[in-house]
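*Asks:* Chains as they are written, first to last, in numbering that gives the first Met the number 0: chain Z, 0 to 958; chain H, 0 to 488.
Watch out, some of these pointers could steer you wrong.
[As the list claims (entries may be wrong)] Computed list of chain Z residues with no C-beta within reach of chain H, every gap over 12 Å: (1) 61; (2) 76; (3) 410; (4) 461; (5) 462; (6) 553; (7) 789; (8) 916; (9) 919; (10) 924.
[Claimed, not checked] Just so you have them, the derived chain H footprint on chain Z, three or more residues with Cβ under 8 Å: (11) 309-322; (12) 682-688; (13) 940-947.
Worth flagging that the hints you see were computed from the coordinates, not collected in a lab.
Model, not experiment: these values are computed from the prediction.
In this text, a Cβ means the ideal position worked out from N, Cα and C, and glycines have one as well.
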Amino acid sequence: MKFLFGNLKFSKASVQTKFYLFFLLYFIVSALVVTAVKRQDFKTCEQSSFCKRNRAYADRLTANHSLISPYSVIQDSIIIKDGIISGDLINSENNLIFIFELHLLEIGAARVRINEKNPLKPRYDKAKDWALVQDPSYTLEYTLISSKPDVTSLSFGKERKQAVSIYHSPFRVEFLVNDVPIITLNDRGFLNIEHLRKQVAPGLVDQSNGENDKIIDDENDLDKGLWKETFNGKEDSKPNGPESIGLDISFPGFSHVYGIPEHASSLSLKETRGGDDSYSDPYRLYNLDVFEYEVDNPMALYGSIPFMMAHRKGASAAVLWLNAAETWIDITKNKEDKHRLSSLLGFGKLTPTSTSAHWISESGVIDVFAFLGPTTSDIFYQYGLLTGFTALPQSFAIAYHQCRWNYLNQEDVAEVDENFDKYDIPYDVIWLDIEHTDGKKYFTWDSVKFPTPEKMQNNIGIKGRKMVTIVDPHIKIDDNYYIYKEAKDLDIFVKEPDDRVYDGWCWPGSSSWVDFTNPSAQEWLIKKFAFDQYKGSTEYLFTWNDMNEPSVFNGPEITMPKDLIHHGGWEHRNLHNIYGVAYHSATSKGLINRSNPPRRPFVLSRAFFAGSQRYGAIWTGDNFAKWDHLAIATPMLLTIGISGLPFSGADVGGFFGNPDTELLVRWYQAGAFQPFFRAHAHIDTKRREPWLFGDPYTGYIRDIIRERYALLPLWYTLFHEASTTGMPIIRPMFTVYPEDEETYAMDDQFFVGNSLLVKPIVNEGQTSTEVYFPGNEIYYDYFTHKKVHGSGKVQIEAPINKIPVFLRGGSIVPKRQRIRRSSAAMRTDPFTLLIALNKYGNATGSLYLDDGETYDYEKGHFIHLQFKFSKRKLFSKPLSLLNNDENLYAQSISSVRVERIIVLGLDLKPKHIYADCIDGSKIKRELQFGLPTTNSANVVIIKGTDLLITEEWVIDFSY
Amino acid sequence: MAHTFSLIDPIKRSLIIHILILELVILSFFTLSAYAKVDNLSKLLGVEESKAHLYEAKGPDWTCLDGSATIPYEAINDDFCDCTDGSDEPGTSACPNSKFYCRNVGHISSFISSSRVNDGVCEPECCDGSDEYDGKIKCPNTCKETNAEYTKKLKELEKLRTQGIRIRKEYIEKGRKIKTKNAAELNRLEIELRAAKIRVKEREVALKKIEDSKPDTEQLAPKGNRERMKKLHERIIALKGDINKLHEQIDTLLSILKDMKNNHNQNYHDMAVKTAIKAYDEFLEEYNKDMETEDGDEVEENYEDNYDDIPDKEKPQIEEPSELSDARDAFEEAEQEQKDIENHIDEVKSKLSQDYGLEYEFAALDNECFSYDSGEYTYSLCMFGSATQKSNKDHSSTDLGNFAKWIGAESSNDPRYYTRMLYEDGARCWNGPARSVKLYLECGADNQILSVSEPEKCEYHMRMISPAVCLDHNNDHNNHNTEHKHDEL
């Protein structure tokens, strides 16, 4: 909008004045309209032409049962070789040929790929290069069961318990486990591949193949947007025309599906095409910077993981729809019993519910992975083998982080740092948002506010603390800015279709975006984190990648235009959802490479995709200081966690707005049980560092942060487990009690590992809550150690100073009860073992420890202990790879003790307790113990005296 | 206070070890143990001298200081927390609620939280290095240097304080004078006011008399033209009023937009706001140009010019007989005089009621202005007046508020009450509160703003030194500590 006042001449002052007034009023009105939540900034399916077309395609098939999918396997085209089943498909409506491949994978999964046989030009197929660790290997463990004209069936896996049937006409793929179908593709016939075509005349469809795109012809308005579409006045030029793909993937017999983050929505996904409590729009995956997002909404948010899991009694299954373009997913549940499931699953006359997802992506090829379980942990492992396990973070990264937009200057940082000490509240990391830079030029410092950044970092570093600065992907257009200059010279910016460098609007004003899908850009950014390149950075400094969806203030839907051009000539529309992970990956590698020997990086990213877990943590973006945002954090994080990305958190306190003290205390309590624990606040909010509220509130916040520090050994052990098995760190109830249907949709309580049951309080004024205790197991109040009376649903008191947390009977939790100012200061402190016996008097647990910084653990320098309480004996058994005399880490903590063992739930009061070394290096000795609850054996506290953590020992209870 | 630990020469180090051992010998009644050996610590480690007797062995058992439990004497400082009050572990980090005593021989003794014992950080509070003894890190004894530095600093501070106290006394003296002067002034003004009121009354009567004797002055002027001219004159005046009103409205809108530009929530990414800001910048450029080229008083001047050109006979006849006009002038003059006196009285009264501190010491600073250049902005604050922020780029000025009250403490009896001022009701922030300033005053030999920060949007904090807050009291914190300084060795 430009106003050319210079052309207008008015001789009379009053007239001119009125003219000015008119425009001023116009500006003010337009400024006032903006404060509402802005749904209208983001597309609905109806406004996204390919989504609308594919929905219409599906509706047509659903409405008319005589219609079937036009895709079928061409007779005799199927070839089975080395774990790959391939063949040709024909679309009878336009006679176009497609190739399909089905790969049987070693990891216990299968992959289905479908592409045009002779596309006009290659379709985008590089999402796999970012999401997968490597191309997965094929298994040779398979047997051809039948090869008939209408179906090809194979069994696979070591015991041949898994099977796949490819039905030829119409084309349909069915995966079975123990002869029960669990995943089917194109069951409902929604397979639709819009082939690449030439534009005959604007708005018309190419008819040269003799095709007759009936479906599209049927409804005139569906033609709109094939070659060009406009949203909110911004045009997408679409030179390649329509190129979408769609496919239905059903989970027969499963009434709950999960995953496809990121949405501010429930754990168990809702229907989107009618039904109770359903959404009207599909779930959308398109990384976007959504201002003040709404809860309970399928709108796209900052990250996308096209992974969906289904679970029922006795089986779990999952799929990964590997595509980085804008994607919509419609979910429907139905009671049709196509697969004789009622008899297969023993439902008798009851018809089981099946859930079906209709996946729709704007471009690319069909590339689907089917994970066949059979358990949820199998799926987590299989998915982890494919896309990578969570990188084991530095130990500080899982402690408490203090952030604000913005700590003003070095004095402010020093004061906040000192106040944590003064109020005896531990913290590990202080964060600097965009205002620390010189004019939003990342990798620079505002020299007035931060004249001596190294000194500032050293001052906190000496206390074992770290600092994080923000580094965003938009680069200020300024030839005097070395980062801009270098990127320009290297020609690594994202371009306009006409080859000019794209110029958009972000924090610094006019900016360009580096194309991180370009290998030269990756290489370049990695180098920029070297200490001699990033001036003012030290080994105490780590990184925060924000705005990497990418966020472009003046772009369509606050992001990049889809017709921009990336490396290799690919349009942005093909790879939008991997821009963020490409940036995250380069940043993470930059931090690894800056030290020699390398150290583990810490990079927080807002955008994410499948595979982001290899690079660091993510958070749920710009949430709101409101109770419903606190509530939604739990299902959001559980969903992200089961989708392979367990290192996640929501901003404690809520980013926008001012939380009252009750909300803030409750948020800290919830945040202390999130994998990533950071308080953050918007620049317009009141200060809210924990000490500003006064007692008792400051005390409540202090207590729960300190509890997080006490539990760091458990958290670190769980991170290690996630990094080797893919198990989520905070776990939905159904993953711990997979046979308990009561838990399938439960998302307001969860487990930390398998041992702590947590139910955050998320309602104003609430002081008691109903907690569900599954498994007919004993549970103990984590704070008071008292047994919970009853099982199933129990009403629990939760005054403001208490979050309901329970120890599950059968678990052993490693703790450190000496709370220091930072996690590093607790490195050599003794341990406390908290043992919660189950109804049989048993318990198990483990503890993983390493230096928390380097990669030495990969060479075996770690300790990993298995604890087992059984038959009135407690064993500590090292699982480490190296002997203690070769193990540098074990040596560094050789004098660290288990100072205290707390046993909950003993049936009898022990007379004596003895400790013995397995290797006989020490004589058997009696340990002192106490019974804080007199005359009851419910709690027994044993004084550890000289039990070393690195030694194997056994403790004997005698009666 | 930064310590450099690695660069200690060997001689000094051995000296430190000697000192440490010597100290232990003094402290240890029972077992003499090497400092670095963690597993058999002195029972007195971390205990202050006055409590040493509580840790003497009086048998095989020992009772926690709060009486909560009786434990074996050997369990004191055995690195396991037995007592709920933490009293059994004065020298280790085992109890979260215990304090570790650093003797700091040669300097001031202090307590640190047990969580700082053996945490790998040399606490500045423990210059003797006794807080770290498990071998993770070696903390040198820097008490001598620390004390020297401390004493020096203390002396400097004392010097400034002495100067400050002297100046404050002058302020008090000045304040007293001001107060007396104001009281006298008020007295005088009130007498004057009485006289003025009488004068107004008298002249009003005189005027009325003349007016009554000459009933119709209107008839003296020719009608017709005069009527028309008068109407035109009134219209012009009305239009002038309109223009001024419009100008005011423009100014209001401009200041709203300026606020929006300066304070808009950048995180909203709102293109409507951003477009409005861009258009505002463009508008402003054009507007300012127009304002320069166009004479703002054009209309008025035209009017004056044209008015002079009107032949005399057509001018509205507004002249009155001199007797009447003299009487009216005299009355108006008296009225004005009364108003002026009243205003003056209000002013003096408000000064008299202003809270200028415990001993009226701030009166001397009334309306004194101080400024601070932060690079981007120059802040200025006039005591008991207003605070402003001026951009160093475009010299635009923003009102940060006016003095409202003292907020150093709840009660004015608290000596801290007069150490913090609140200035409030400044220009409102876009989408936020009205700007305000908290002024933190510390003792110093002169008046100077040391720093300005905006820890929250639109809430400014200023730190300022001033002699006005240099209190002369002998038992303050520093002196108290000095008494406990260890001079032995």
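*Asks:* Now tell me if each hint is right for this structure.
*Replies:* Hints and how they fare:
no.: 1; hint: 61; verdict: 39 Å, holds
no.: 2; hint: 76; verdict: 51 Å, holds
no.: 3; hint: 410; verdict: 7 Å, violated
no.: 4; hint: 461; verdict: 6 Å, violated
no.: 5; hint: 462; verdict: 6 Å, violated
no.: 6; hint: 553; verdict: 6 Å, violated
no.: 7; hint: 789; verdict: 31 Å, holds
no.: 8; hint: 916; verdict: 17 Å, holds
no.: 9; hint: 919; verdict: 21 Å, holds
no.: 10; hint: 924; verdict: 15 Å, holds
no.: 11; hint: 309-322; verdict: violated (count 0)
no.: 12; hint: 682-688; verdict: holds (count 5)
no.: 13; hint: 940-947; verdict: holds (count 3)
In terms of the numbered hints stated before, the structure departs from hints 3, 4, 5, 6, 11, listed from lowest to highest.
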